[in-house]
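Asker: Sequence:
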Amino acid sequence: MVGALNESQCNNEERRHCISACMPVMYGWNPSQECCRFIREADIECACAGVTPVVAALIDINRLIKVVEWCGRSVQHHYKCG
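Residue 1 is where the sequence shown starts when you use my numbering, and the numbers rise one by one after that.
No lab work stands behind these hints: they were computed from the structure.
Only a predicted model underlies this, so the values are computations on that prediction, with no experimental measurement involved.
Wrong hints could be hidden among the right ones.
To be verified - Derived EDC-like pairs: lysine to aspartate or glutamate, alpha-carbon spacing no greater than 16 Å straight-line:
#1 Lys80 <-> Asp43
#2 Lys80 <-> Asp60
#3 Lys80 <-> Glu45
All chains, please: the whole structure from these sequences, using the hints.
Answerer: This is the structure:
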């Protein structure tokens, strides 16, 4: 992808705030307004840069897609993150 960001160009502080705001989702809660704001404004390449194989094993991808869509953002079919 032309112009894609690498992890060193991403705002890690912003990523940490997003993780903190969205952590309750991991425990079955619906996303908060703050979590949804981060999801809507996130740079997808930066978000995916933080998805290691260990993180990917912990995430229910179907739940993640539902949360992203709940927050008003679409997910491309067969998009691979991490």
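Asker: Would you mind marking each hint as holding or not holding in the structure?
Answerer: Hint by hint, here is what the structure shows:
{"no.": "1", "hint": "Lys80 <-> Asp43", "verdict": "15 Å, holds"}
{"no.": "2", "hint": "Lys80 <-> Asp60", "verdict": "14 Å, holds"}
{"no.": "3", "hint": "Lys80 <-> Glu45", "verdict": "11 Å, holds"}
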